[in-house]
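A.B. asks: If you're matching them up, the sequences are chains H and Z in order.
Residues 1 to 417 in our numbering are what the first sequence lists, from first letter to last.
Residues 1 to 417 in our numbering are what the second sequence lists, from first letter to last.
Certain hints may be false.
[To be verified] With the Cβ distance kept under 10 Å, some of the chain Z side facing chain H (calculated, not the full set): (1) ASN32; (2) THR124; (3) ILE154; (4) THR170; (5) GLU240; (6) ALA249; (7) PRO289; (8) ASP293; (9) ALA295; (10) GLY299; (11) GLY333; (12) GLN337; (13) LEU351; (14) ARG352; (15) ASN354.
[Said to hold, decoys possible] Chain Z stretches covered by chain H per the calculated footprint, using a threshold of three residues with CB under 8 Å from any CB of chain H: (16) 65 to 72; (17) 97 to 111; (18) 259 to 273; (19) 355 to 367; (20) 372 to 381.
These are computed hints drawn from the structure, not numbers from a lab.
C-beta atoms are modelled at their ideal positions from N, C-alpha and C, and glycine is treated no differently.
Listed below are the residues making up each chain.
There are 2 protein chains.
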Amino acid sequence: MALIRSWVASANAPETDFPLNNLPCGVFSRPNAKARCGMAIGDQVLDLAAAEDAGLLTLAGGPYFGGGDWNALMAAGPAVWADLRAQVTVLLAEGSVLQPEVAPHLHEQGAVRLHMPFRVAGYTDFYAGRHHAFNVGSMFRDPANALPPNWLHIPIGYNGRASSVYVSGTAVRRPWGQVKGPDQPLPAFQPSRRFDFELEMGAVVGVASDGPVTVAEADAMIFGYVLLNDWSARDIQAWEYQPLGPFQAKATATTVSPWIVMRAALEPARTNGPTRDVPLLPHLAEPGPMLYDIALEVGLTPEGGAETVISRTNYREMYYSAAQQLAHHTTSGCPMQTGDLLGSGTISGPLRENRGSLLELSWGGKEPLAIGGLTRSFIEDGDTITLRGHAVSDGVRIGFGACAGQLLPALADPYAR
Amino acid sequence: MALIRSWVASANAPETDFPLNNLPCGVFSRPNAKARCGMAIGDQVLDLAAAEDAGLLTLAGGPYFGGGDWNALMAAGPAVWADLRAQVTVLLAEGSVLQPEVAPHLHEQGAVRLHMPFRVAGYTDFYAGRHHAFNVGSMFRDPANALPPNWLHIPIGYNGRASSVYVSGTAVRRPWGQVKGPDQPLPAFQPSRRFDFELEMGAVVGVASDGPVTVAEADAMIFGYVLLNDWSARDIQAWEYQPLGPFQAKATATTVSPWIVMRAALEPARTNGPTRDVPLLPHLAEPGPMLYDIALEVGLTPEGGAETVISRTNYREMYYSAAQQLAHHTTSGCPMQTGDLLGSGTISGPLRENRGSLLELSWGGKEPLAIGGLTRSFIEDGDTITLRGHAVSDGVRIGFGACAGQLLPALADPYAR
């Protein structure tokens with residue numbers, strides 16, 4: 001679909017993440033005002049609560065936008081989601097007679113504060129990128145048996161911690177944890193020395209379910225997508241993860257982009273999944289193209305320094321789509337809730353420069369990465385990690401904005417009050 | 001502490017789980033009425049919302065009890081919890097002048113419906129019973145290396161699924177899942193054939209935290225305890241759990257008792273943890289007795305048949321207490337929330353009859369258990385599993401009521417609508 005031109009001039013610029021075709025969902029506040037829902041348009045944000053109050057926007061089951069999150073709208077389902085997009089498109093399209101009434105409800109993005117766009121009900125993280133799983137398996141086992149036996153048959157996932165999901169811009173404190181090196185006789189409690197990022201996409205569940213759903217049904221339940229950084233303490237993980245999986249290594253923080261890009265905005269970027277070595281069982285097979293062509297990159301900015309892009313990859317590298325992950329998530333009868341967040345798993349590509357974590361980029365610290373005049377094996381105090389992503393179809397760019405977080409040094413005494 | 005006699009006669013009976021010393025917290029509804037908070041007293045439940053409305057109960061920051069859960073009271077903290085117990089004790093104590101005003105707010109437990117007593121924020125399950133970990137490790141690895149290397153140093157835990165925690169009495173549907181036997185070339189999607197229970201206690205977090213807490217601080221955050229059945233599909237678990245832990249095998253259901261026994265009611269049953277093979281690091285060491293002497297049992301009732309008690313054990317068998325688990329849970333900076341539920345891990349004891357799961361009782365199905373004229377390796381369709389538990393101190397019994405669930409047969413087609 002070609003660019004839908006808007007009377008908001010910045011939305012028509014080729015480099016914007018937020019043309020009228022996008023309309024991503026965020027929560028913002030102005031100084032001394034309550035947080036409310038908004039949509040990004042060019043370099044502006046449209047105050048949906050004000051538009052609703054002014055009668056410019058009327059949705060079945062509303063009002064939806066005066067609270068501090070998108071969950072009520074997400075629960076309302078695809079018909080209301082489509083109606084929202086249609087109505088806002090009319091309001092903001094070039095030539096709209098409503099421009100004089102709508103214009104007062106636009107605010108410069110640079111002048112507002114962005115908040116977590118939704119209440120996270122549950123957070124599940126997957127391990128569904130083949131290059132990542134192969135790299136990690138090669139490092140910790142051997143390349144001939146890099147993938148676990150189940151890996152080509154089910155999207156391996158584990159429950160994460162919903163309480164530590166934060167919006168972009170939230171600083172992350174280097175955690176303490178129990179670690180033990182292979183040469184140490186006993187574990188020690190100390191700040192993590194191998195703190196890492198993981199480049200992921202997150203799928204946000206809109207429609208709840210209470211029994212097994214098909215892949216097609218799962219796809220229809222997904223409200224939209226965010227960028228997601230699954231911060232990981234590798235040294236804590238190495239000691240704790242056997243036999244029941246990662247726990248405190250992944251609980252410090254998960255950062256998401258401030259904008260949820262609705263599934264409808266990504267439709268033009270839909271693409272097929274990979275060729276499969278072994279066919280999937282029918283309940284996990286794709287009914288059609290389930291991935292998206294989304295270019296992704298990771299920037300690392302040392303404190304006071306300039307950013308270096310340390311990874312470039314694409315969401316289409318995934319072996320399993322979010323719809324397949326969500327379908328698998330329900331096989332046991334597990335109820336899914338509005339606001340559930342599904343991390344894709346680290347998205348690496350085939351080449352070294354496509355790797356989605358420092359663990360892979362530095363090959364476990366053995367091959368430190370050169371960035372400017374510095375090197376990095378893992379994240380250093382003060383570094384900022386910034387994820388970016390966008391799809392381009394028919395010359396129209398659909399972006400997510402930045403998903404950024406700075407690593408603060410560990411506390412000297414984590415128990416001091 | 002000796003029995004506090006009540007004018008509710010059934011609360012003075014030696015066999016009741018609910019003397020005035022207990023005052024456990026539940027949510028109940030009468031026909032055509034809204035669910036509200038209540039406390040069990042003998043065979044009655046006291047309507048706390050009505051008592052609050054009538055001015056019989058006045059707590060700082062209230063009212064608390066008209067909603068459908070205990071979360072607001074749980075968040076209010078230990079001073080309000082203590083005040084609640086003190087005020088209700090005065091209302092219900094033998095000789096209370098308020099008896100005529102309180103009596104109309106009592107209802108027979110048999111005539112009310114019990115609901116989930118709290119909103120589960122996050123659910124975390126641990127693997128902190130030594131006999132269970134040894135049994136499982138012996139079965140799947142070997143007795144000489146049964147415990148993973150980290151096991152004696154940290155309470156191993158993993159995040160579970162909060163959306164599938166149900167109150168006692170909720171039927172559980174046998175799940176479908178992907179399984180692969182060691183002799184099968186490819187996995188299959190089919191109903192679980194090795195569906196099991198796990199006898200656990202659950203600790204309910206009252207006070208939230210946003211950084212690492214000590215074991216003593218963690219103990220003070222715990223509002224109370226429930227019985228917990230961590231239903232487990234062993235065949236699904238065997239195929240899925242490497243490398244990131246259990247996922248769909250544990251997501252069908254977790255059942256908790258309808259009554260939260262407040263920590264204060266269990267104080268007389270406090271007892272020391274085990275002698276340790278290796279000392280714990282200081283941040284996990286106990287500042288005092290952190291376990292409780294709580295006798296536990298599991299009944300199995302075939303459909304239309306009589307119950308057989310198939311396991312008897314005690315919560316004091318745990319290697320790590322809930323306070324230690326909660327402290328460990330926060331080491332990474334992970335925020336804990338009001339309503340977080342921490343499963344202890346399966347509580348087995350040293351003898352065969354003390355084993356807290358059928359996996360252990362039947363030794364992986366190799367030694368089926370005789371119950372009446374039947375045998376069981378795992379749970380059969382129609383079986384009801386009932387957990388019970390109580391502490392006795394100074395002749396006063398503090399019980400939890402039953403934590404029961406019946407297993408329904410798998411759906412013929414889980415995707416039929």
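A.B. asks: A separate judgement is required for each hint: does it hold in the structure or not?
C.D. replies: Comparing the hints with the structure gives:
1. The restraint placing ASN32 (chain Z) at the interface with chain H is violated, with a minimum CB-CB distance near 25 Å, outside the 10 Å limit.
2. Against a cut-off of 10 Å between C-beta atoms, the interface hint on THR124 (chain Z) holds, since the closest Cβ of chain H lies about 8 Å away.
3. Taking 10 Å as the C-beta contact cut-off toward chain H, the hint placing ILE154 (chain Z) at the interface holds, the least distance being around 5 Å.
4. Checking THR170 (chain Z) against chain H: minimum C-beta separation of about 12 Å lies over 10 Å; hint violated.
5. Taking 10 Å as the C-beta contact cut-off toward chain H, the hint placing GLU240 (chain Z) at the interface holds, the least distance being around 6 Å.
6. Interface hint at ALA249 (chain Z): satisfied, since its Cβ lies 7 Å from the closest Cβ of chain H, which is below the 10 Å cut-off.
7. Interface hint at PRO289 (chain Z): violated, since its Cβ lies 21 Å from the closest Cβ of chain H, which is beyond the 10 Å cut-off.
8. Of the supplied interface hints, the one on ASP293 (chain Z) is violated, with its beta-carbon coming no nearer than about 27 Å to a beta-carbon of chain H, more than 10 Å.
9. Hint status for ALA295 (chain Z) relative to chain H: violated, with the closest Cβ pair at about 28 Å, above 10 Å.
10. A distance limit of 10 Å between C-beta atoms decides the matter here; for GLY299 (chain Z) the minimum to chain H is near 24 Å, and the interface restraint is violated.
11. The criterion of a C-beta within 10 Å of any C-beta in chain H is met by GLY333 (chain Z), whose closest approach is roughly 5 Å, and the hint holds.
12. This hint holds: GLN337 (chain Z) has a C-beta 5 Å from the nearest C-beta of chain H, less than the 10 Å allowed.
13. At its closest, the beta carbon of LEU351 (chain Z) sits 24 Å from a beta carbon of chain H; the interface hint therefore is violated under the 10 Å criterion.
14. With a least beta-carbon distance of about 23 Å to chain H, the hint placing ARG352 (chain Z) at the interface is violated under the 10 Å criterion.
15. Look at ASN354 (chain Z): its Cβ only gets to about 22 Å from chain H, farther than 10 Å, so that hint breaks.
16. Taking a C-beta to C-beta cut-off of 8 Å, the segment 65 to 72 of chain Z contributes 0 residues in contact with chain H, too few for the three needed, and the coverage statement is violated.
17. Counting residues of the segment 97 to 111 of chain Z whose CB lies closer than 8 Å to any CB of chain H gives 0, which falls below the minimum of 3, so the coverage claim is violated.
18. Coverage of a stretch by a chain is defined here by at least three residues with a beta carbon nearer than 8 Å to that chain's beta carbons; for the segment 259 to 273 of chain Z and chain H the count is 0, and the condition is violated.
19. Evaluation of the coverage hint for the segment 355 to 367 of chain Z: breached, as 0 residues show C-beta separations to chain H shorter than 8 Å, against a requirement of three.
20. Given as covered by chain H, the segment 372 to 381 of chain Z fails the check, having 0 residues with a CB less than 8 Å from a CB of that chain where 3 are the minimum.
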